[in-house]
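> My request is simple: use the sequences and hints to build the entire structure.
The sequence shown begins at 1 in the numbering used here and counts up one residue at a time.
Because the hints were derived from the structure by calculation, they are not lab data. Here a beta-carbon is modelled for each residue, glycine too, at the ideal position from N, C-alpha and C. Hints are supplied without guarantee of correctness; some may be wrong.
Straight-line C-alpha distance at most 27 Å; calculated DSSO-like pairs for lysine-lysine [what the hints assert, rightly or not]:
| id | residue 1 | residue 2 |
| --- | --- | --- |
| 1 | Lys60 | Lys4 |
| 2 | Lys4 | Lys64 |
| 3 | Lys70 | Lys60 |
| 4 | Lys4 | Lys70 |
The following label-pair restraints were derived from C-beta to C-beta distances [as the list claims (entries may be wrong)]:
| id | residue 1 | residue 2 | range |
| --- | --- | --- | --- |
| 5 | Ile82 | Val23 | 44 to 52 Å |
| 6 | Pro81 | Pro24 | 15 to 23 Å |
| 7 | Asn65 | Asn90 | 34 to 42 Å |
| 8 | Ala29 | Leu85 | 13 to 21 Å |
| 9 | Pro24 | Leu73 | 20 to 28 Å |
| 10 | Asn65 | Thr33 | 42 to 50 Å |
| 11 | Phe61 | Asn30 | 40 to 48 Å |
| 12 | His87 | Asn65 | 29 to 37 Å |
| 13 | Ser91 | Lys64 | 37 to 45 Å |
| 14 | Tyr35 | Leu69 | 33 to 41 Å |
| 15 | Ser67 | Val15 | 13 to 21 Å |
| 16 | Thr28 | Leu88 | 17 to 25 Å |
| 17 | Leu88 | Gly27 | 16 to 24 Å |
| 18 | Leu69 | Pro24 | 19 to 27 Å |
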Amino acid sequence: MQTKGPFFKAFAIAVPFFIFHLVPILGTANADTSYDAGYVTGQVMANHLIAAIITGLLGKFAYKNSSWLKTTLIYFAVVMPIIFLQHLGNS
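Shown next, in the form of C-alpha coordinates:
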(Lines of atoms letter the chains of each structure in order from A and count residues from 1; the text may use other names and numbers.)
(Lines give C-alpha, C1' and ligand atoms only; values in the text may rest on other atoms or scores of the structure.)
Protein backbone atom coordinates (compact mmCIF):
# COMPACT_ATOMS: atom_id res chain seq x y z
CA MET A 1 0.00 0.00 0.00
CA GLN A 2 1.29 3.40 -0.92
CA THR A 3 1.75 5.97 1.83
CA LYS A 4 -0.46 9.02 1.79
CA GLY A 5 1.11 12.37 1.00
CA PRO A 6 1.20 15.29 3.41
CA PHE A 7 -1.50 17.26 1.61
CA PHE A 8 -3.90 14.32 1.69
CA LYS A 9 -3.25 13.91 5.41
CA ALA A 10 -3.71 17.64 6.06
CA PHE A 11 -7.01 17.86 4.17
CA ALA A 12 -8.28 14.59 5.65
CA ILE A 13 -7.59 16.00 9.11
CA ALA A 14 -9.11 19.39 8.25
CA VAL A 15 -12.50 18.10 7.05
CA PRO A 16 -13.85 16.74 10.37
CA PHE A 17 -12.51 19.69 12.34
CA PHE A 18 -14.10 22.08 9.84
CA ILE A 19 -17.46 20.37 10.40
CA PHE A 20 -17.04 20.36 14.19
CA HIS A 21 -16.16 24.05 14.06
CA LEU A 22 -18.93 25.03 11.63
CA VAL A 23 -21.93 23.44 13.37
CA PRO A 24 -21.76 25.46 16.63
CA ILE A 25 -20.84 28.65 14.77
CA LEU A 26 -23.87 28.40 12.49
CA GLY A 27 -26.07 27.63 15.49
CA THR A 28 -25.12 30.89 17.19
CA ALA A 29 -24.54 33.11 14.16
CA ASN A 30 -28.02 34.67 13.84
CA ALA A 31 -27.95 33.92 10.11
CA ASP A 32 -31.22 35.45 8.95
CA THR A 33 -30.56 34.85 5.27
CA SER A 34 -28.74 32.24 3.26
CA TYR A 35 -26.21 34.94 2.34
CA ASP A 36 -25.26 35.38 6.00
CA ALA A 37 -24.97 31.63 6.51
CA GLY A 38 -22.78 31.35 3.41
CA TYR A 39 -20.61 34.22 4.60
CA VAL A 40 -20.05 32.56 7.97
CA THR A 41 -19.37 29.21 6.30
CA GLY A 42 -16.83 30.86 4.00
CA GLN A 43 -15.03 32.47 6.92
CA VAL A 44 -14.75 29.18 8.79
CA MET A 45 -13.75 27.28 5.64
CA ALA A 46 -11.03 29.82 4.82
CA ASN A 47 -9.42 29.25 8.23
CA HIS A 48 -9.30 25.49 7.81
CA LEU A 49 -8.27 25.64 4.15
CA ILE A 50 -5.32 27.92 4.88
CA ALA A 51 -4.31 25.77 7.85
CA ALA A 52 -4.48 22.60 5.74
CA ILE A 53 -2.32 24.14 3.01
CA ILE A 54 0.27 25.35 5.52
CA THR A 55 0.24 21.95 7.25
CA GLY A 56 0.69 20.20 3.92
CA LEU A 57 3.63 22.44 3.07
CA LEU A 58 5.22 21.84 6.46
CA GLY A 59 4.69 18.12 6.04
CA LYS A 60 6.20 18.17 2.58
CA PHE A 61 9.31 20.21 3.33
CA ALA A 62 9.99 20.34 7.07
CA TYR A 63 8.49 17.16 8.53
CA LYS A 64 8.84 14.53 5.84
CA ASN A 65 7.06 11.19 6.36
CA SER A 66 5.39 12.34 9.56
CA SER A 67 2.74 10.19 11.19
CA TRP A 68 -0.96 11.02 11.30
CA LEU A 69 -0.67 12.08 14.93
CA LYS A 70 2.22 14.42 14.23
CA THR A 71 0.37 15.90 11.25
CA THR A 72 -2.69 16.45 13.46
CA LEU A 73 -0.60 18.23 16.06
CA ILE A 74 0.98 20.40 13.39
CA TYR A 75 -2.51 21.19 12.06
CA PHE A 76 -3.67 22.29 15.51
CA ALA A 77 -0.56 24.40 15.97
CA VAL A 78 -1.35 26.16 12.68
CA VAL A 79 -5.15 26.47 12.85
CA MET A 80 -5.46 27.82 16.40
CA PRO A 81 -3.51 31.05 15.79
CA ILE A 82 -5.41 31.59 12.54
CA ILE A 83 -8.76 31.25 14.32
CA PHE A 84 -7.55 33.48 17.16
CA LEU A 85 -6.41 36.19 14.73
CA GLN A 86 -9.74 36.11 12.91
CA HIS A 87 -11.58 36.35 16.22
CA LEU A 88 -9.49 39.39 17.16
CA GLY A 89 -10.17 40.97 13.78
CA ASN A 90 -13.93 40.50 14.12
CA SER A 91 -14.12 42.15 17.54
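> Which hints from the list above does the structure break, by number from lowest to highest?
Hint check: 5 fails alone, others pass.
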